[in-house]
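Chains Y and V, in that order, give the protein sequences. Under this note's numbering, the first residue of the first sequence is numbered 1, with each subsequent residue one higher. Under this note's numbering, the first residue of the second sequence is numbered 1, with each subsequent residue one higher.
These are calculated hints, taken from the structure and not from any lab test. Quick caveat: nothing in here was measured; it's all calculated off a predicted structure. A portion of the hints provided could be inaccurate.
A few chain V residues that face chain Y, going by a derived Cβ cut-off under 7 Å, partial list only [claimed, not checked]:
#1 V23
#2 P82
#3 R84
Label-pair distances were calculated between CB atoms; the ranges are [to be verified]:
#4 P178(Y) to S41(V): 40 to 50 Å
#5 K197(Y) to V105(V): 17 to 27 Å
#6 K92(V) to K197(Y): 55 to 65 Å
#7 Q85(Y) to S24(V): 29 to 39 Å
Every residue, glycine too, gets a C-beta built ideally from N, C-alpha and C.
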Amino acid sequence: MIENIETDILIVGSGCTGVIAAMSLAGSGKRVMLLDPGVGPENAPRFPEEGTFEKIRLSEADQLKLFLGNNGSFFFQESLGTGAQFTSSRKFISEKTDELIPYRSKNFSPMESLATGGLGEGWGLGCCIFSDAEIQACGIIPDGFKEHYQWVADRIGISGAKDDAEPFTASALDNIMPAFPTDATNSRLLASYNLRKEKLNRNGFFLGRPSLALTTEKFNNRGPYTGRDLDFYLNENQSAWRPSVEIPRLVSEKNIIHKRGLLVKYFHESESGVEVFARDIKNNTAVSVSCQRLILATGPLGNARIVAATLAPDKEIDFPMLCNPYYYLSFLNMGRLGKSPGEVKTGLAQLSLFHDQSATEPDIAMASIYSYNSLMFYRVVKELPLAMKNSIPVLRSLLPAMSIAGVHLPADNSIGGTMKVRGSLSESPTVEYNYPLNSLIKQNHLLRIKKFRKAISSLGVWPLGISDPGMGSSIHYAGTLPMGKTEKYLGIDRSGKLAGSNRVFVADGSGFNYLPAKGITFTLMAWARKVALNV
Amino acid sequence: MQEKKEAEIFLKYFLGSHGNQFVSVYLNMANPFFRADPVSSFAVKYPFFISVLDAGTGLFRKDCLFRKKLHLAFAISECVCPDREKFLPLIKPGPGIPGIVFHSVLSFLKAIPGGILLLFL
Ligand SMILES: Cc1cc2nc3c(=O)[nH]c(=O)nc-3n(C[C@H](O)[C@H](O)[C@H](O)COP(=O)(O)OP(=O)(O)OC[C@H]3O[C@@H](n4cnc5c(N)ncnc54)[C@H](O)[C@@H]3O)c2cc1C
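Next comes chain V alone, as it looks inside the complex (with noise of 0.2 Å):
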């Protein structure tokens, strides 16, 4: 139940609504993170959250289980999104110089409330 759960709420924090469809997928491929941890339980109980818990984890705890199943979540999401361009440079050009400082700025901002619930964790 604990990991039907985590799919449906990894999968939606990266492919909205359209998570729901492979929420199987990632119950197939899951199988050798299926070990309960408190952030992936907190995360799933709170899922407003999950995106400061992935800024957090990212700066902070990059080797913890919880960023292993996010990480899952992401190689099915940049499989299946429908908008995959987003992960081909050739065909939409990145953001340059303005938008790195941006979107890094943005999940360091994320990373500080992050950071202390990871202290509770």
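Chain Y with its partners taken away, still in its complex shape (with noise of 0.2 Å):
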């Protein structure tokens, strides 16, 4: 038996686009449903609403529970590349993935999320604008859309300054809150920039304060940042911006209805409507929505499988898919060995070092600096080539003299990273991603992490190396469906109609036909605003 559900404009996940795009319809008089599979933080570990991570990790009773999860399901994750921030309370952001949405390779790993809020629950907040050589890259029309970039700042609320990072953030915009304070650590970094930028800036590098969605002052009703340093744990005052932030308000302040619980299949358009059949991934029920319109923000990947199994169930298609190249490179402040972190402590980045080679190509990289902060010691421990027992001394001097840069790479068809599914009405489709890095593009990668490591090298710190966490790991996806000006079968139109259809629309990058080094969700959230006005 299939249940139906009716509404005017269904939109299909509940990650940043998705709920930008909700808020958008909010107020335009028709009935708005936002859905998702739902899974959800209801087995996470609990933390104290007060305290410090210092406090809890001296005062809390059940460190096993909260640090590694019941039954330690928590410790068998990855401990570094693309887990490190995936704690024991963040679990729950790629839970059933393996489950229900399984596939196969041999170079690519991406994150996927079946959770209300999607991997925003769990992002980083850092918010960049394109340049117009980037938007018009990605294959958007950049007039205008500078507008679409403010009115998603005015209602996340971002905090960032005015420096020199500031052409590439989000800092320029109007409005934006104060940063938060940096650390000790990274002071000396900032500081040693100021003093010898003029050399880097010659070979194109600029550093400055990331710009994150994170109130550092009251706004609206969420609090300020206070930096209890537990942001890999908890979401004090709700100052970081999360789907999962507005979602309630959405509900009971704008009559959005979410409807939890299911995983969308396919979808069939009429000249009356759409009506997508899902399932409930608790029962396994059939489940069918009947709209006017259509809005898919289930991410890239997600959204290749709907639209795999809707245009041609049982036959394999080759969807093209982009992903940028991601590196870590760590440092020591030998100045800080041994030093007590200081007060001010933050998992979040602290700083961002962009390189811009040529002024007015889009091939800009990004690297994102942080401290290794409210985390534990068992999570870098093996990485050490020491006795365990001898390492704890060790990294109690090492860890607040750390500094660990993230580095982004854009990411262009070139590579031809594909990924192959072959859609079904009745079962789970299946998918191969094929992300095949040649040795030229390696080193070519390489090279330009080397130019990274130099230029922070220059600061006064010791460079400790390089790690590569594998393709995948940047988890920032486009391309599957790429825009033309033109119609083009698998394919978007610049106002984010889909090919072929006249009621489903394209909301998160699936269309992007490039994808910037830049983080990626705050045009992500601009241009699902712009495709939510179209509909």
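Dock chain one against chain two, each of which comes alone in its own frame, and use the hints as you go.
The structure is reproduced here in structure tokens:
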């Protein structure tokens, strides 16, 4: 038996893009429904609302549950790479994906989410504005696009600084709150940059504070960030903008219906509307939703699954796919060895370093610089070439002196990343990713990473190493349904409409033909706003 | 039986006698590691050598099963050890360069007999 639901506009996916689309449509007079599989943090350990990381570490009785999860389930996640930020409280973000959206690949490990709020429940909050060249390379018409950035910024609340990073971040927008202070180690880096910046700037490097979707002052009904160093465990004062901050308000104040628990499989468009077919993930029953307009916001990989099952069931389709290459660099600030980390501690990005080698091309690369805070020693101890027992005092000295740079490089279609999908109306689609990096491309990546290493080392820190967590770990994906000036099968047009359709729109990064290295999410949100206005 | 002994010995290495209380915790969590391996078996038979094996595998066999098991015991002890300050640089700052050198040299010295032992295991 199929349960049937009706609405005017159905938004599939409640991540950053789905929620911005819903916010844009609230008050339009239409019945709007936001739908997702609804995986949530219900079973995650609850962190105390009071106290700092240290206080909780010293005073809370059940540390095992808080930090290793029930039965140590959390311990077995990858401790570095993409997993580093996925603590016991955030594990839910990627839960059930192995079971419900499995894939095969030898060279690509994407991270997807079936959670309410999607990947946005763990995103690092970094907001960047794309240059006109970057916007154009994505396929978007730049005229008027900046207004959407401002609209989003006014709703999510952004903090940042007027400094050398400003041209690349969102700090140039209006109504930006002051940035949260940097810790002792990163303050030294910034001071050192200010002394030597002429040479760095000549080589195309610009360092400054990132702009973050983080309130540092009272903002609507959210409070300021206080820096209790629990960024990976809870969202104090709702200072970090995450979809889960917005959804309850959309439901209670804006009459948006939030339907949890459904995994959409495919849709059928007719002259009178769209019928969307889903499965209830708890009891596996079929549910269909009839709507006038459908907005897909499940992310580029999720949308490819749905579109494949809809347009070509039981046939294999090769979707193109983009993903930013991602590397980690770590550095030691020798002057800080063995020192106390100081009272300012945060797990969020503290500095952003941009490499703009040509000033006109869209090939800017970006490093976000962090300190190792609010994470346990056990996550890094196995990387040291020492006896674990001897590592404890060593880590206590090293970690407060360490800076970690996560470097994103831009991605275009030249690599030929693909997502092969065989969609099905009755079963789960089979998916195989292929993201081949030949040695020349890899060499070029490493050359650029080494430039970053040289630039950061020139600020008086010692480079420790480069690590490559593998393709997929940037968690920035795009390009499965490329955007074109004209309609192209398995693509979208410049208003976000799916080719061959009159009623189906795509609000996430599926249409982007280029993936700039600067954090993509703020632009995705501006795009979602633009698409929602066209619906 | 072997697993229980392993749990007792690994936890004792990090936690002393306090470790006994957490044997069942280790056993609950260590399921994916329940396979016999020569290094762990040796460590269970001759617990005196666990420290040199810890150093030796850190340098020469980072991905071996013994080190994975020891890593789990480390994670448990970080959560439950009575003196948690030693994992919190804000409360107990690290020993600085002399301390880093001392502990690293000590570990490398232990890694020499550890490495030789590993040749036979
Ligand atoms: C740790 C981390 C740090 C990050 N840091 C940054 C950063 O600093 N800056 C930045 O720009 N970006 C960052 N990102 C990336 C950012 O999170 C994503 O770009 C962004 O969240 C994508 O939003 P989305 O709405 O397109 O998709 P998603 O967040 O993937 O949301 C997809 C939604 O669709 C739902 N869904 C999926 N499949 C189905 C289906 N079949 N049926 C129904 N619903 C479905 C999901 O449950 C979810 O609600 C980070 C990501 C992570 C994980």
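For each hint, the structure was consulted:
1. V23: violated, 13 Å
2. P82: violated, 11 Å
3. R84: Holds, about 6 Å.
4. P178(Y) to S41(V): 40 to 50 Å: Since P178(Y) and S41(V) have Cβ atoms about 59 Å apart, the given range 40 to 50 Å is violated.
5. K197(Y) to V105(V): 17 to 27 Å: This hint is violated: roughly 39 Å between Cβ atoms.
6. K92(V) to K197(Y): 55 to 65 Å: violated, 36 Å
7. Q85(Y) to S24(V): 29 to 39 Å: holds, 30 Å
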